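Trainee: Each chain, written out:
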Amino acid sequence: MNPQLLQVICFYAFGFVTVAAALSVITLKNSVHAVLALVLTFFSAACLWLLLEAEFLALALIVVYVGAVMVLFLFVVMMLDIDQEKMREGFVKFLPIGLFVAAIMLAEMLGLIGVRAMQAHVMGADPAVAAGVSNTAWLGRALYTSFLLPFEIAALILTVGIVAAVALTLRERRDARYESASQQVKADPNRRVRIVKMAAVRPDESTETQEPQP
Amino acid sequence: MLDQLIHQLVVPILYILAIVLPLVLAVAMFVYWERKVLGWMHVRMGPNKIGPFGVLQAFADVVKLLIKEVILPTKANRFLYYMAPMIALVPALAVWAVVPFSSSMVLSNANAGVLYLLAMTSMGVYGIIIAGWASNSRYALLGAMRSAAQVISYELAMGLCLVCVLVLAGSLNLTEIVNAQAGSKGILDWFWLPLLPVFVIYFISGVAETNRAPFDVAEGESEIVAGFHVEYSGSAFALFFLAEYASMILVSFLAAILFMGGWLSPFPASWGFIGQGGFPWLLLKAFLFSFMFLWFRATFPRYRYDQIMRLGWKVFIPIAIAWVFVAGLMKYYGLVSIGTGA
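Sequence order for the protein chains is C and L.
Just so it is clear: in the first sequence, position 53 is 53 by our numbering, and no numbers are missing.
Just so it is clear: in the second sequence, position 186 is 186 by our numbering, and no numbers are missing.
Hints listed in this document are in silico derivations from the structure and should not be mistaken for laboratory results.
Values in this document were obtained by computation on a predicted structure and should not be read as measured data.
Incorrect hints may appear among the rest.
The following label-pair restraints were derived from C-beta to C-beta distances [claimed, not checked]:
| no. | chain 1 | residue 1 | chain 2 | residue 2 | range |
| --- | --- | --- | --- | --- | --- |
| 1 | C | D188 | L | W295 | 26 to 32 Å |
| 2 | C | Y178 | L | A298 | 29 to 35 Å |
| 3 | L | L107 | C | G140 | 22 to 28 Å |
| 4 | L | D306 | C | A117 | 53 to 59 Å |
| 5 | L | S104 | C | A20 | 36 to 42 Å |
| 6 | C | I195 | L | W295 | 27 to 33 Å |
| 7 | C | V69 | L | W295 | 31 to 37 Å |
| 8 | L | V10 | C | V133 | 28 to 34 Å |
Just so it is clear, CB atoms sit at the ideal spot from N, CA and C, and this is done for glycine as well.
So here's chain L without its partners, still in its complex pose (with noise of 0.2 Å):
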């Protein structure tokens, strides 16, 4: 019995906690990396004064923000405004379960991983708009608005992306879409050449699903002054912020899987030691991608709403659906070749 509980009970959640704690860290040092690439991107330090070149920053943030005190604005919706924070937060971590980190390392190994990564995403934006509504306030019900119309358009795209991935892996399961990427071509037999398009896609679609810059219209500072969380502040502020960083770290990991051969290495594996997969080369794909996201940050203006919404549905949509049937097409005369996994 007690064995039994030991192994059904005590083992998955130290599992979970293995996953959710280098997360957290991940975010906060996340958060510092973009604090000093913005820095860096503008001609300026970043943080500098807290711990060496100011990495404790992040943490010094996150004290700031648990101790401070967290209001509540009159009129507003008590319950649900404090229920949103963490309906915006469990689905960006309930998403980590089926996520594999490399052939033999994932919490849960589903054989329909890819619909429960769509179901879990697609509940995020409940706590952005149950935010907007119970603040009681204009400004916040905006920004919730603008970001549940850009969430669900963007959703459409991504889901027809995966579609693309699914057809040549013929699997809905992470692990086996990864194992289809395997070859002797290294690089050339991964998902992003075959489907380079929908790839681009993809990532385009990622960033406006987290609604980061230049997508971050729900928030527009300089419009609606900080969208759906402009009346939260303390530690119910840091669980959206949280949440945030956690779904871009997420897609981050996610377009190394589906595209970039996950744990795979990009060389042929006859070249000995860089030539074999591992976490590692997974964690530096993920950190590539996520660095893209600041990139932008830095590079790009913010789209207008209109244009969210015609690069949304008049462009990515109809160039995703074109090629759903090329992918299908080049399934069927065998023009990609499909690994097996080691």
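Bound conformation, chain C alone (with noise of 0.2 Å):
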């Protein structure tokens, strides 16, 4: 088979996936259902980016999104009680309000299209390809050497996302009860059990219990 017409195929087959799964994330009435379609959709993302040859972009988003956001989301899904049909009571009155703003949406992706294929120019060939690296080997050069700045601060500002994530959900209970952990393992076995040594002695005839008799 000619593997151009292969990679077509796989493009268009990993496409409908994509597209299928983004709508039923909306459409789902399950939430559990419609994160695991989220999860199918980024899944197949990655897999379109595979056959663009950006191996270390698809397998990050795997990594990240698939292995560690999605779960932490899954969880929090499951932890909710939604009531089914109170979730579409609404529907028919936010339906004029979500037409207009999927309206707006639609016209600013659609300018944005336009602009860019107004300034479009040619792609280069891949850089990768044309430097004979791999690609994830390219993009940490280009990263760590032309782009590291940008880099770093981006690095900051995630870290002090983080910092203020925890700063805000942190509180401190006064009244719970721990454990410190370092005090448990310098516990000495001396200090909790006393072994005491001594003869064994043999029970005296005379002062030999009497068994009750039955």
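Assembling the complex is the task here: the two chains are given apart, and the hints tell you how they should meet.
Mentor: The following block contains the structure:
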């Protein structure tokens, strides 16, 4: 089979799954099913990126979003006690607002695509292939040389985000009891248990207690 | 056309079968070996009735599980309940695609092998969470929650350990990582020596990732019956079992490949026959690591949930982060010699 043709078939197959899964995220009634559909969307998007030979981005998407972020998301959604019927109650009431927002978003996206199309320039060859190294190696070299400052700033912003999230949600409870692990490790068995050594004694014949007769 | 079809479809499928079938067989024998070792450590006999020394016990268990009824609990989510065991098993098998068995024996010599490995192992947790939620059981949901928190926490420590290896080897390709450990000094050239703390952290994190004792709070028979798979029976349970043991064997192989020189011989090449590398060396190392899983299980009592979280976040991750810098300095000052492979 022609490899180019196979690639096109794969592209449409992955693209179809991506779009179908993304649609089911917003149409499925059960919220856990919706989250799993979102996972499938991310996974098929990663497959599409693999077709583009952007292997680092594709695998990073799976490791970060599928493997960590969505697991926590699923976790939270499973804990929620959602009444499915109530969720659908306001559907008609909020439909006009929803359609309005959707129309604005569609117009904005079309505008963006139009502007991009006007300024379109032909993409050069894949720089990683041109340099003769793997996609990951090329990306690493670019990030840590030409784009070091933006990269470090992004890292700093993310760290600030983590610290802020922890600071916002951390509520220290005064009434909770904790055991200090380091103190537990330092526990000395000699202070807990005393082993007593004593000579074995034979019960005295004369003082032997009488077994009660049944 | 036919020639191409054979080359592109039939040959890879044969290769895949050549990996998966021995793996399933290894899981069966590993289960037998586990029960035997635990028996010896408890001064018991272990299985000894079926076949010579009881070696056929595992196969008898498989047959028993396969002919049992799969029960669907009331109000369980039917689709996800049956999907969960498959979701658990597929990543556990798919990850073997990039594992090199010797310098030329590998299904896919991918450049981003380590990343693929991380991606696949991080997806295994979905099987557990979905199983816990879909069975409509409190015990199962509690087990799934514990497992998810534990796997995510230890994945971070494990990822940082892999970063140390990558810094020294300078490659994401598992074959090149093993080749980077080659050298004239044999066992002293492998990465376990410069990365000793990280090596220990990696293996303990691997034990925690696979939800094995002493980190098996996800199952916790004494508290939550059997955790996420409490409602599963028959072949659905067998798939979870297979996935768990396949991941244990995988962690053993990876510890051997990343830190203990893979298929390289521990003796200098000048020692003739035993100085040559090859698949038996990798098998022997992986066997020793998988034996340690059983040894841990027979030796240590189960960790408490908060102790697991403390160990992962407050001990392992800081040490691993510090060692990333140490590994960088070792690489920068050329303290670790990197082999190029034969």
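Trainee: Confirm or reject each hint.
Mentor: Hints, verified against the model:
The hinted range of 26 to 32 Å is satisfied by C:D188 and L:W295, whose Cβ atoms lie roughly 27 Å apart. Taken as a hint, the range 29 to 35 Å holds for the pair C:Y178 and L:A298, whose Cβ atoms sit roughly 31 Å apart. The given range of 22 to 28 Å is respected by L:L107 and C:G140, whose C-beta atoms sit roughly 26 Å from each other. The given range of 53 to 59 Å is respected by L:D306 and C:A117, whose C-beta atoms sit roughly 56 Å from each other.
The beta-carbon spacing between L:S104 and C:A20, approximately 41 Å, falls within the hinted interval of 36 to 42 Å. Our hint of 27 to 33 Å for C:I195 and L:W295 holds, since their Cβ atoms are close to 29 Å apart. Between C:V69 and L:W295 the Cβ separation comes to about 36 Å, which falls inside the hinted range of 31 to 37 Å. For L:V10 and C:V133, the hinted distance range of 28 to 34 Å is satisfied, since their beta carbons lie about 33 Å from each other.
When held up to the earlier numbered hints, the structure conflicts with none and fits them all.
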